[in-house]
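Chemist: Could you fit the two chains together into a complex? Lean on the hints.
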Amino acid sequence: MPPRLKNFHAGSIIYFKDDKADFVFLLKEGKVQLVYNDIQTGEEQIDIITTGEFFGVKSGLIKFPREETAKVIANSTVIEFSSAEFEALITKNTSIILKMLKAFSNQLRRIGKQVQSFVTNKIQTDPESDFFSIGEYYLKNKKYTQAITVYNRYINYYPNGIFAATAKERIKIAQKALNEYGDGDGPAVNLTNPYNAQATISSEDSFIELNNDDVNNQNESFVNKNEGNTSEEERLYNKGLSLMGSNKYGEAYSEFKKILSMNREDIKILAFFEMGKCLFSLKKYEDTIKHFSNFLSKYPKNSEVPAALYYIGNSYQSLGEKQKAMDCYKKVLSLSKPNDNVYRKAEKALKEIK
Amino acid sequence: MPAIMDFGPGFVEKFGKRFKKNDIIFCEFEPGNTFYFLLEGKVKVTKISSDTEKILDVLEPGEIFGEMAILESAPRSATTVAIEDTLVLEFSKDNFETLITAKPELAIKLLKVFAKRIYDQKRRLMILTLNEPEAKIADVFLMLAENKNINLSETKQISFDITPEQVANWCGIDKMAATQILNHFAKQNRIVLKQNEIIVTNINDFYRLVNSKRKIVKNS
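Protein chains in written order, with my numbering: chain A, 1 to 354; chain B, 1001 to 1220.
Among the hints, erroneous ones may be present.
Listed next, the in silico DSS-like pairs over lysine-lysine satisfying Cα-Cα at most 25 Å (straight line) [unchecked claim]: (1) A:K301 <-> A:K330; (2) B:K1020 <-> A:K168; (3) A:K337 <-> A:K351; (4) B:K1175 <-> A:K113; (5) B:K1109 <-> A:K102; (6) B:K1116 <-> A:K99; (7) A:K28 <-> A:K102; (8) B:K1156 <-> A:K20; (9) B:K1148 <-> A:K142; (10) B:K1194 <-> A:K172; (11) A:K176 <-> B:K1020; (12) A:K113 <-> B:K1116; (13) B:K1021 <-> A:K176; (14) A:K322 <-> A:K113; (15) A:K113 <-> B:K1093; (16) B:K1109 <-> A:K330; (17) B:K1175 <-> A:K345; (18) A:K283 <-> A:K324; (19) A:K140 <-> B:K1020; (20) A:K176 <-> A:K239; (21) B:K1122 <-> A:K102; (22) B:K1122 <-> A:K20; (23) B:K1109 <-> A:K20; (24) A:K301 <-> B:K1194; (25) A:K20 <-> B:K1148; (26) A:K31 <-> A:K71; (27) A:K140 <-> B:K1021; (28) B:K1021 <-> A:K113; (29) B:K1122 <-> A:K71; (30) A:K337 <-> A:K324.
Because the hints were derived from the structure by calculation, they are not lab data.
If we strip away everything but chain B, and leave its shape as in the complex, we get (with noise of 0.2 Å):
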């Protein structure tokens, strides 16, 4: 995709929402039925769990975010919060098929984000679907250095920006359990345990179990 799309001044005045630096663009909990395309400044996703707000990710000119709401009326699942000062558009399922006829582009963008999105749930639930919560966790560890892009073959040791509590969050299993399990690991040197951080020190014996496990649930 080209940096930022081109939209006419027409297209700004009619979609085009501003925020100041530290607004609150959708909070998480809030009904909500809009999703905006970043345009100029950045935006922080955070969650509070806790009582720590957590950043989830900072969004950049061009990206997406909200879309949810236009596939279901659940309340947002997180918060978006403006760190400098930021113009976006905001759309709605009302004006959402103006906006594919007047911008193709943005919808295939939006049509990737759901894509992607696709495969991420998809590779979710085969986390899920492993019967064993040690091949759960073991798993949840593959899938986030896929994302990373690491080659298991050439790799060994990789470590991971991760909290317990969101590793069990990710294989669907109580924080309590996740955390002995993870323990337990740490014990074998299968993995080392520091704060906010958890490195693994083989990812190629967490592939081959979890490689055993999951012919096992196929042939069942």
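Next comes chain A alone, as it looks inside the complex (with noise of 0.2 Å):
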């Protein structure tokens, strides 16, 4: 069966929306309306079909629900289509595949831009340590050749990257690992933190004033934890709390790197915390995204959580990216109780970037 034409009068519905697509149309002659409902709002919205132009399309194409009405304004001559009949005519026109592809990206653009307004839970974190990351959790589960592949691109795109020492480290890891035992064999592989091969900051940097009553607070509460019974970490830990307090950050975050490389768990979350705090305070604020984005991933359940978030926003802001600043503070606003410092911290910040 051939194409057909056909002709409708002003005021008939050439299809219904909702109504199973079969067909696809050409309007040859006359005056067509396609009349939809806005997701968003809900409002009645109106396309004009004008002569040569196609309806149908994308509901023809694949067979489903059409999303739209097809309303008949002043007598009109269609061209009828089949979906087959439709796919035949442009495999012999490919400049109507690449208009339509166009069509279809900017609509899927578009889409995808409003989804991602909606979506503001997702936390915007920085795709290099995402990607090594990937590597880390390959090396971990034994799957080696699949760890070499990652760390060889992450050096392949990110040459100059704060994981390419590491990552370089992690492959003859791995190769070795792969020569002695094969894919998903031998023991476990005990990863140093990868933060260790960054470069240490020099004391010698800009300071600024430490923005942040809570240090003296944690200080604190843990001294009395663990009275009478002091590690070395613990130590190291206070150490760093105490240079934080004098204002000597680049000092207090070689401190607090020293207990990543040690065992006592509970103290090597809280260096790390505050290692993120140093590198703001430093105005270091891409290493501080990185630093705090590389703790949600790894403590995503921590308490801090929420003040990791905030330290994130407040260094996009400083960097000028405001709407990624606003996503954190929200998400902090989401996360937290208004009772909260972190809360009435981001509260406050919100109101002013806006």
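Modeler: Printed below as a string of structure tokens:
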């Protein structure tokens, strides 16, 4: 059956919304309206089809329900193609395919943006460290070959990246394990914290005033909890905190960093968090974002998650990325209680940014 | 579509790329501007979340993947791994027009992938535009039922292979908040929560809930 000419009177309907689609139409003569409701506002929208235009394409192509009602405004003649006939037609006219691809891409981009605007709980993380962490996942799970692939690609994309040196180390570890045991086998892989390989921050960097009243509180509660039994980790941690108290963030950072290669898990988490605060106080905003993003992915259930998000937000704000900053602050509000210190800070920051 | 398109040897020589079993084709978060047409073998699509690898899909010959790269230069949203020895065709933005002229069937396939994706995204937007989180969650199940081609008027109880976390992702609400609502639904016997499975006791009940909320959105 070849494509057919069909005549419609003004006021008639060619197809209704939600009808199952079997055809694609081309308006040869006349005037047709496509009527639908906007998803977001619910308001009625009208698109006018002009002579020479196809309509009902997307639904017709994949035989999905119609998204709109096609109303005839003035007596019209249309050419009706079955889905197969339409495919045959565009196979011979590749310029139509290109046009449609562009139109579909634009629609997809627009809807994608709308969807993104609703999904505010998506934490903005950093693709570079996320990418690296996939390598870490494979290595930890003894998938050595895959780990090597990811580390190599990481080095390829980020030759001067913050984990480039670590990635090279990891490849050696993975290669050795692969040779000795093969994929999926061997003892548990003990990975050092990737931030250990990071360059030490010079203590001569510029300092800003510590805008943080919770440092001392944390210090106190920590000391109380572990009275009379001070480990090396605690000693370093307290030293770091007191260095922070006298605005020596670079030195404090170095002390905290030492803890990361030691044993006490509980203090390692605290130290890791404080390192982020040091970076922030040193105005190393990009590093702060990376650091706290890493914190979030490592300890998603830690009670300091809202605070980490606050620092990420504040860093974005300092870098002039208002939208990202606002997303973070909003997330802080959703994760904390109005009485929390961090809630009030985020609320205040949100007001100021607007 | 026929099972596999007929590509001349020259075409395969030019664009073909072979991957061995377990090779990574592309990795989540990796920058990328190429997309693929699977000719031989199977490919799994995975995502790592909370330290476990989840398989989202297994692709068969004839399928297109990585196609979002021709739209935007965002990092990959998932990892693809060959699960057997695999032959793919690799295309980029640059050789795209050549491809369309030489293989319009493939371009049409891509059109269909995009068309389907537009439908999916619009459906997701309908979930997101609902005001109440309860309605959003109920609508996630309606959407999943639609994707399964289930006739709502004839079916009551439906089981879904989904976790509370995935439900939360679909409707853009916090995991904790979503879990609370799901627990509440479970107390009311509207759903049964199991490991990696959620059973909706009466899908029509959710349909009515969502519909009443959606009307309010439209009239306001």
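Chemist: Check the structure against each numbered hint from earlier and tell me which ones fail, lowest number first.
Modeler: 9, 10, 16, 20 and 28
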